[in-house]
Amino acid sequence: MTELADTASAPAPSLSTRFEVVPIVLFAAFAAAPLFATYSGAEGYVLSLLTRVMIFGIAAMALDLILGYGALVSFGHAAFLGIGGYAVGILATHGIEDALIQIPVALVASALFALVTGAISLRTKGVYFIMITLAFGQMLYFLATSLAAYGGDDGMTLSSRSLVAGSRILKSDFAFYWMCLICLLGAYAFSRSVVASRFGRVLRGTRENAIRMEAIGFQPFRFQLAAYVISGMMAGLAGCLLANQAEFVSPAFMTWQRSGELIFMVVLGGLGSLHGAIIGAAAFLLLEEFLPEILHGVSFFLAEETRAHLAENWKMVFGPLLILIVLFVRGGIMGLLRRPRHG
Amino acid sequence: MTATLLFVQTLNGLQFGLILFLIAAGLTLVFGVMDFINLAHGVQYMVGAYLVAAFSVWTGSFGWALLLALPSALGFGLLLEVLVFRHLYDRDHLDQVLATFGVILFLNQAVKFVWGAAPLSVPVPDLLSGSVEIASGLLYPVYRLAIIAAGLIVAALLYVLVNHTRIGMLVRAGASNAAMVSALGVNIQRLFMIVFGFGAMLAGFAGAMVAPILSVEPGMGDNILILAFVVIVIGGIGSIRGAFLAALLIGLVDTVGRSFAPNLLRLFLDPAAASQTGRAIAPMLIYIFMAAVLFFRPSGLFPVKR
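Heads up: the sequence lines are chains A and B, in that order. Note that the numbering used here has the first sequence beginning at 1, numbered continuously upward. Note that the numbering used here has the second sequence beginning at 344, numbered continuously upward.
Honestly, the hints are just simulated from the structure, not real lab data. Don't take each hint at face value.
Stated by the list, open to error - Stretch-level coverage of chain B by chain A, calculated; a stretch enters the list once three of its residues show a Cβ under 8 Å from a Cβ in chain A:
#1 415 to 424
#2 430 to 440
#3 634 to 645
Cβ coordinates follow ideal geometry from the N, Cα and C atoms, glycine included.
Taking the hints into account, I'd like the entire structure generated from these sequences.
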């Protein structure tokens with residue numbers, strides 16, 4: 001992510017244009033990455049890592065839509081990843097392998113689940129909302145573990161990636177990478193327009209003060225529910241892609257820890273900016289991937305055995321890092337980019 | 344046969360419910376008094392189990408291990424409070440969820456680092472090993488009965504402590520309105536610390552008690568934490584009485600549901616389908632139960648009046 005560091009240090013003419021520079025650079029970086037991947041020597045590895053980044057970017061952005069713009073802390077968003085993944089997996093075992101059928105089915109299933117659980121969850125507020133979304137996520141998790149016909153606890157391996165209109169185009173990692181990028185761009189453009197619309201403004205209004213919104217004639221519940229459904233569908237799409245990326249679906253898609261990670265990605269990137277969520281997902285996944293090596297490199301002054309030990313237990317550094325970010329970096333990475341520099 | 348099975352499962356459910364209560368009691372107080380979501384409460388249960396495992400190897404006796412583990416769990420809870428949690432009380436819930444999530448990641452790995460990833464087992468103390476015949480031809484392990492007894496005793500002690508002592512009064516007052524208690528001249532910081540340490544010790548005690556019957560392994564607190572949250576949300580946040588009833592309900596619904604859901608469904612479905620759907624529904628039961636409770640009573644069964 002050197003491109004990101006460049007944005008931070010690039011001289012920005014004014015504050016307002018700098019906001020838009022970030023997403024452009026971000027997407028340009030994603031578009032340029034396959035070229036570099038070819039020269040890096042580990043093409044498959046780089047592509048699959050970045051594909052994962054984009055897929056989790058979509059999911060985190062979906063969460064940002066309700067978390068950042070509606071202050072709805074959903075602690076069960078991984079459930080939608082599972083719905084998308086299982087839609088692909090279950091349909092594929094019944095011989096329906098075309099993404100043009102799988103994705104709409106996944107979207108409809110996610111929308112229905114979001115509609116029902118959202119309608120119940122939104123009756124509650126605050127902590128209770130966090131907990132009830134968690135409960136629904138857990139319900140789906142346990143449902144998946146009991147689906148013996150579809151692998152139960154162990155999950156199921158997909159025989160191949162989805163077809164697109166009968167062609168095996170996604171078999172190529174490059175084609176799949178581009179498809180994910182298109183989905184990410186589409187989801188981003190869509191979310192942007194949602195946020196900028198009247199609907200988005202009402203949603204932000206309910207975040208600030210739901211009672212006041214009600215007093216001026218809006219029903220917060222309807223807007224929040226609609227946002228929850230949109231967000232669920234986007235996360236469902238991410239689930240479809242994730243199943244295709246891994247060519248594997250399992251209940252592990254929707255553990256509560258995964259939901260926690262999604263929240264963390266959004267907060268790490270910075271709430272309520274959409275591209276911040278993508279950057280957060282990228283930072284999280286890349287850190288998770290490279291922290292062991294970074295630790296190994298940084299601890300050059302220690303004995304080799306200790307260094308190996310440190311790299312193996314990278315999570316012991318990851319956890320405190322997380323706490324420190326929460327305590328000291330307000331507004332996440334976007335907050336850092338936005339902060340006016342001191343002369 | 345079914346009646347005795349039901350009886351045994353009810354006892355198991357009671358035992359599970361009481362363990363849940365020990366964890367949920369601390370969680371609901373911390374939550375109610377400090378308005379603080381502590382996801383790391385589950386790892387305190389895990390730490391309790393590991394401490395007892397380590398001390399029982401060291402001392403060779405479960406009793407001594409338990410006696411040593413309790414103050415250690417208390418000290419550990421206080422250490423976490425001073426190092427991390429104290430700085431989070433005035434943050435919003437989202438920050439608390441994330442920071443304590445970080446504590447989980449750290450401690451799960453730290454436990455692996457110190458004791459290895461393989462599960463440890465703690466022998467059942469000799470005094471409490473074996474089984475007793477509780478009805479004709481029905482054997483039940485003594486140790487599980489001991490857990491039930493210990494759980495009930497702690498629950499009774501907690502009841503007295505919360506309802507009939509000065510510190511309990513302050514805790515209850517803190518749960519209704521912490522700012523007002525502070526304004527009346529009570530050192531709220533110290534009250535928070537006491538509540539927190541006490542909650543950590545209860546969770547550690549629960550972990551220590553189950554160590555001989557479950558395997559002690561990293562991440563063992565993660566799932567029970569979620570169940571404890573279900574309990575306190577159903578019971579009403581900040582209410583010990585609510586937590587007690589909800590914990591027993593959840594323990595019974597889960598244990599009895601798992602063994603009887605397939606049988607009950609057989610009344611409506613053919614056996615194969617019944618066992619299939621029964622196994623699917625059983626683990627979901629408590630979450631369905633929770634969703635239903637929150638649907639009708641959005642702030643739990645015994646909401647603390649504010």
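Outcome of the hint check:
{"no.": "1", "hint": "415 to 424", "in the structure": "violated (count 0)"}
{"no.": "2", "hint": "430 to 440", "in the structure": "holds (count 7)"}
{"no.": "3", "hint": "634 to 645", "in the structure": "holds (count 6)"}
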